[in-house]
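With the UniProt record's numbering, the residue at position 71 of the sequence shown is 71, and numbering never jumps.
I should point out that these hints are in silico values taken from the structure, not numbers from a laboratory.
Just so it is clear, the structure is predicted and the values come from calculations on it, not from any experiment.
Accuracy of the hints is not assured; some may be wrong.
Keeping only pairs whose Cα atoms sit at most 30 Å apart, straight-line, the calculated DSS-like set for lysine-lysine is [unchecked claim]:
no., residue 1, residue 2
1, Lys104, Lys58
2, Lys104, Lys119
3, Lys126, Lys89
4, Lys89, Lys135
5, Lys58, Lys89
6, Lys135, Lys119
7, Lys126, Lys104
8, Lys104, Lys89
9, Lys104, Lys55
If you anchor each label on the Cβ, the simulated ranges turn out as follows [stated by the list, open to error]:
no., residue 1, residue 2, range
10, Gln52, Ile88, 17 to 25 Å
11, Glu56, Glu134, 49 to 57 Å
12, Met38, Leu91, 27 to 35 Å
13, Arg84, Leu129, 19 to 27 Å
14, Asp32, Ala122, 14 to 22 Å
15, Asp107, Val19, 19 to 27 Å
16, Gln62, Arg96, 47 to 55 Å
Positions of the beta carbon are idealized from the N, C-alpha and C atoms, including for glycine.
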Amino acid sequence: MDHFARPDDELAVAQREGVLHRNFQGYTTQGDTDLLGMGVSAISMIGDCYAQNQKELKQYYQQVDEQGNALWRGIALTRDDCIRRDVIKSLICNFRLDYAPIEKQWDLHFADYFAEDLKLLAPLAKDGLVDVDEKGFR
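Please construct the entire structure, taking both the sequences and the accompanying hints into account.
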């Protein structure tokens with residue numbers, strides 16, 4: 001975790017227990033909770049979609065008056081985006097990645113799906129910076 005947390009803090013406890021999560025706002029114990037952004041430049045995350053409100057106050061109010069909302073832009077994640085998001089979340093929350101949960105959740109063979117990416121870990125493994133085996137890496 002890239003934040004300081006006292007050993008008895010809920011975030012530190014969640015990390016030790018392997019149940020820490022992260023979203024665009026930071027670390028959390030709440031898992032994949034939908035977030036509805038309210039106000040200027042607010043960001044919402046609902047399911048696998050992200051949206052941002054207008055970031056200038058004048059445009060924000062004008063759009064609310066004219067359209068009833070202030071949505072400015074958004075994106076729906078692809079399957080590949082979601083898979084990679086889950087891999088990254090495991091790494092930044094747990095400092096390790098076990099292939100099995102990703103393989104089960106996304107019905108894929110990790111070594112095949114990430115073949116090119118795994119090649120990039122070889123120099124790091126050679127230098128002893130990461131341990132890679134058939135089950136995952138740490």
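We went through each hint and held it up to the structure:
1. Lys104 <-> Lys58: violated, 47 Å
2. Lys104 <-> Lys119: holds, 22 Å
3. Lys126 <-> Lys89: This hinted pair holds, its Cα atoms lying about 24 Å apart.
4. Lys89 <-> Lys135: holds, 17 Å
5. Lys58 <-> Lys89: Cα-Cα ~36 Å, so violated.
6. Lys135 <-> Lys119: Satisfied, since the Cα-Cα distance of roughly 15 Å is no more than 30 Å.
7. Lys126 <-> Lys104: It holds: about 29 Å lies between the C-alpha atoms, which stays within 30 Å.
8. Lys104 <-> Lys89: holds, 16 Å
9. Lys104 <-> Lys55: Given that 30 Å is the threshold and the Cα spacing comes to 39 Å, the pair is violated.
10. Gln52 <-> Ile88: 17 to 25 Å: For Gln52 and Ile88 the Cβ distance comes to about 20 Å; the hint holds.
11. Glu56 <-> Glu134: 49 to 57 Å: Given about 52 Å between the Cβ atoms, the range holds.
12. Met38 <-> Leu91: 27 to 35 Å: This hint holds: roughly 31 Å between Cβ atoms.
13. Arg84 <-> Leu129: 19 to 27 Å: For Arg84 and Leu129 the Cβ distance comes to about 21 Å; the hint holds.
14. Asp32 <-> Ala122: 14 to 22 Å: With a Cβ separation near 32 Å, Asp32 and Ala122 fall outside 14 to 22 Å, so the hint is violated.
15. Asp107 <-> Val19: 19 to 27 Å: Given about 23 Å between the Cβ atoms, the range holds.
16. Gln62 <-> Arg96: 47 to 55 Å: holds, 48 Å
The earlier numbered hints that this structure contradicts are 1, 5, 9 and 14.
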